[in-house]
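Asker: Given next are the chains, with one letter for each unit.
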Amino acid sequence: MASLIWELKHATVYLYYLSTAYRMNDDLKMIKDCLNGKPAAQRLLYDQYAAAMLGVCYRYTKSINDAEDVLQEGFVKVFRYLHQYKGEGELGAWIRRIMVTTAINYLKRNSRYQADLSFNDMGLHPVSTDNPEVLLNAKDIADLVRQLPPGYQTIFNLYAIEGYNHVEIGKILGISEGTSRSQYSRARTLLISWIEKQSPMQKKSNYAR
Amino acid sequence: MPDKNFENQVQQKMNELKFVPSDTVWQEVERQITDRKKHRRFLIWIPFLFIIAGGSYLYFQNNNSDNLTNRHAQVNQHTQPANALRKNIESADTSTTLAVEPSMWKINKTEPVQSTEAANFRETKVKIVKHPTAINHSSGFHFEEPGLKNFSLNHNKDQNTASFEIHKKLNKQTVNDYLIVDADETTVSNEDKKANEAAGEQTSGINKKESKESMQPTDSASIEDLKNVTAVHPPVIVKKQTDSLVTLAEVAKAPDVPAKNKKKIQWGLSINAGKANISNGLSGIFTTTADASYANAYNLPGSVNNNIGTGKPSSVKAGIAFSIGLSARKNIDMNWSVFAGLEYGYYSTKLSVGQKIDSARSVMQTGSGNYYNISSFYTSTSRAAFNYTNQFHFIQMPIGVERRLGNKSHFSLNGGLIISALIGSNALHYDGQKNIYYKNNGLLNKTNWSVFTGFNYQIRVNKSAVIETGPHLQYGLTDFFNRDLYSHMHLLNGSWSARLLFGK
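If you read the sequences in order, they're chains A and B. For the first sequence, this note's numbering begins at 1 and goes up steadily by one. For the second sequence, this note's numbering begins at 1 and goes up steadily by one.
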């Protein structure tokens, strides 16, 4: 009963905000209200970005529970540091950076990831020049990325998806640029081979032979 | 470098990736941000609560002692040589009896005295009793006389006695020396006579009649009537063997006389000097070099650890600490006292750094994911160029209690809280990615709470000045650094304190 009342209360306030102040999707007003501690604004910000950010967290972790843990921790940080957001870039990009940083810290802290999160330099690995067409849907690709060893997975995510270069990745992870390059190359090769195996077109062509 | 076509495709697909989180995620986020707000609100109110509680206590303490001492002093002025009566009063007992003649009193109906007024007289319960004559009505009722707020007459029907509860403190010997009689029967001052006459004129004829009747109350009188009876003419305390008189009105109307034994606030200076460290445990104060966790604390969480690439940060040693300021103390009783102060506090730690380089860099702030720009930094090297002192400047306010170890002991124990506000620092922070030290006061908590305890020896310099000195230990309750970026680190300060206080 109490939870029902809670839900109704929040739904009412939420609808009110949707129908008035936030119809224009005014991020700055929403941020201002969040900074003033208005629960409806906080909920709205969360609802706007939670789904996409869970997608980000999902790519860095091995289970949906871990992804939700990162999401939760990340959003607590978002609200805590919201005053530092100056409105100079997209709010979504700013939140995403926090999520990525939180995810990396989570991997470092968590013993389950610690064992595989090694960035030993295994020597240079030739970079594959393959650029296959990716026909899998987003969820399937994300699942393949998550099958990579955590070290590969993190570097692949940072380089291929977040757009960091190897120098920046080296700084973030505390590894050398060369190690980042090498591990990315291996991750890429592995992933391409898996994608090719699972790709419908590839399957079709294999079948034709 | 591979063509990023593959990467672009993956990136595009991944940006479409969305999942709806479970409800528990938001509930937990909401709980945490609400808890933080509540926590902050609570912290803001703590100093106010302390001030209100301390102020209330001191106010009531003062009020109480003033009520007593002023009345005693006034009695003393009007009755007999001051020293003799003061001596009596100071050795006051709690109750005694005195013969009275109720029939002499003129009484009149007035509004009943509010019971809350009695609360103004908290000591007392001295009974000046008794006379078994005319008043034989049930239960107690109040007498009110001009100027005297409240004293009550209780009548014991069985014993046929009446007792006054005068809310002041007299001893048995003193009270036995006096009689309470009607003012008309005695020699009183002109002022009192005028006051009595004025009071009499204000009463109506009917009231006067009622007064006369009431002087000889009968069993038929209702209890309600009796409850509203008050005296028109103030009774007078007559000293048996002398002609010295004092009315109760005079006692009550007494101007505030400075109390002889009023507990004054002592003011003075306080100085602490010793060593400070920042550690994750109490043991840090006993070591001159901070343990590894302190050094690791300088690593921003954005870096993995120290053993990849760039080296280790310097160990951190305890540095000089001192504080100086004003202090005030108020004695509560013989053994307990409360004190507060306002001080400037300086704490420091030491570390080894390389040369200073004036060059712009950016270091990553993990909490926000943003980069923090610096214009200069110190290098980290195993061949350290020089020792650097992290300095922390605070304005702080200690509040505490002190307990003397015995009535005549010179030793005392104290303890309490310190709230301190950071006003400046040159502290360096270590960036494990670039292996450099840089300044960023945003990583320091601006408000800190600490607990302290100390052991003092008191030396009396002269009649009005004392010096208290002894060891002092302070431990920070709040995290010294930003909790999101560092592990839990607390301020530790071991010092020798001295306090010079003026006032008896």
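Hints listed in this document are in silico derivations from the structure and should not be mistaken for laboratory results. Computed from a predicted structure; not experimentally measured. Keep in mind that a hint or two might mislead.
[What the hints assert, rightly or not] Computed spacing ranges between beta-carbons, pair by pair: (1) A:P149 <-> B:N373: 32 to 40 angstroms; (2) A:G178 <-> B:Q12: 27 to 35 angstroms; (3) A:D47 <-> B:V401: 47 to 55 angstroms; (4) A:I5 <-> B:L49: 30 to 38 angstroms; (5) B:W336 <-> A:N110: 47 to 55 angstroms; (6) B:Q12 <-> A:L28: 22 to 30 angstroms; (7) A:H83 <-> B:N407: 25 to 33 angstroms; (8) B:A53 <-> A:D47: 43 to 51 angstroms; (9) B:V20 <-> A:Q84: 22 to 30 angstroms; (10) B:I357 <-> A:D47: 42 to 50 angstroms; (11) B:Y57 <-> A:G37: 31 to 39 angstroms.
All C-beta atoms, glycine included, are put in the ideal place defined by N, C-alpha and C.
Asker: Against each hint, give a clear statement of whether it holds in the structure.
Answerer: Hints, one by one, checked against the model:
1. For the hinted restraint 32 to 40 angstroms between A:P149 and B:N373, the CB-CB distance of approximately 35 angstroms keeps it satisfied.
2. Separated by about 28 angstroms at the C-beta atoms, A:G178 and B:Q12 satisfy the suggested range of 27 to 35 angstroms.
3. Checking the proposed 47 to 55 angstroms range against A:D47 and B:V401 shows it holds: the Cβ atoms sit about 51 angstroms from each other.
4. The hinted range of 30 to 38 angstroms is satisfied by A:I5 and B:L49, whose Cβ atoms lie roughly 33 angstroms apart.
5. The hinted window of 47 to 55 angstroms between B:W336 and A:N110 holds, with their beta carbons roughly 52 angstroms apart.
6. Distance hint check: the CB atoms of B:Q12 and A:L28 are about 28 angstroms apart, consistent with the given range 22 to 30 angstroms.
7. Under the hint 25 to 33 angstroms, the C-beta atoms of A:H83 and B:N407, about 56 angstroms apart, miss the expected range.
8. For the pair B:A53 and A:D47, the supplied restraint of 43 to 51 angstroms holds, since their beta-carbon distance comes to about 44 angstroms.
9. Range check, B:V20 to A:Q84: Cβ separation about 28 angstroms, and the 22 to 30 angstroms hint holds.
10. For B:I357 paired with A:D47, a C-beta distance near 47 angstroms keeps the hint of 42 to 50 angstroms intact.
11. Under the hint 31 to 39 angstroms, the C-beta atoms of B:Y57 and A:G37, about 35 angstroms apart, fit the expected range.
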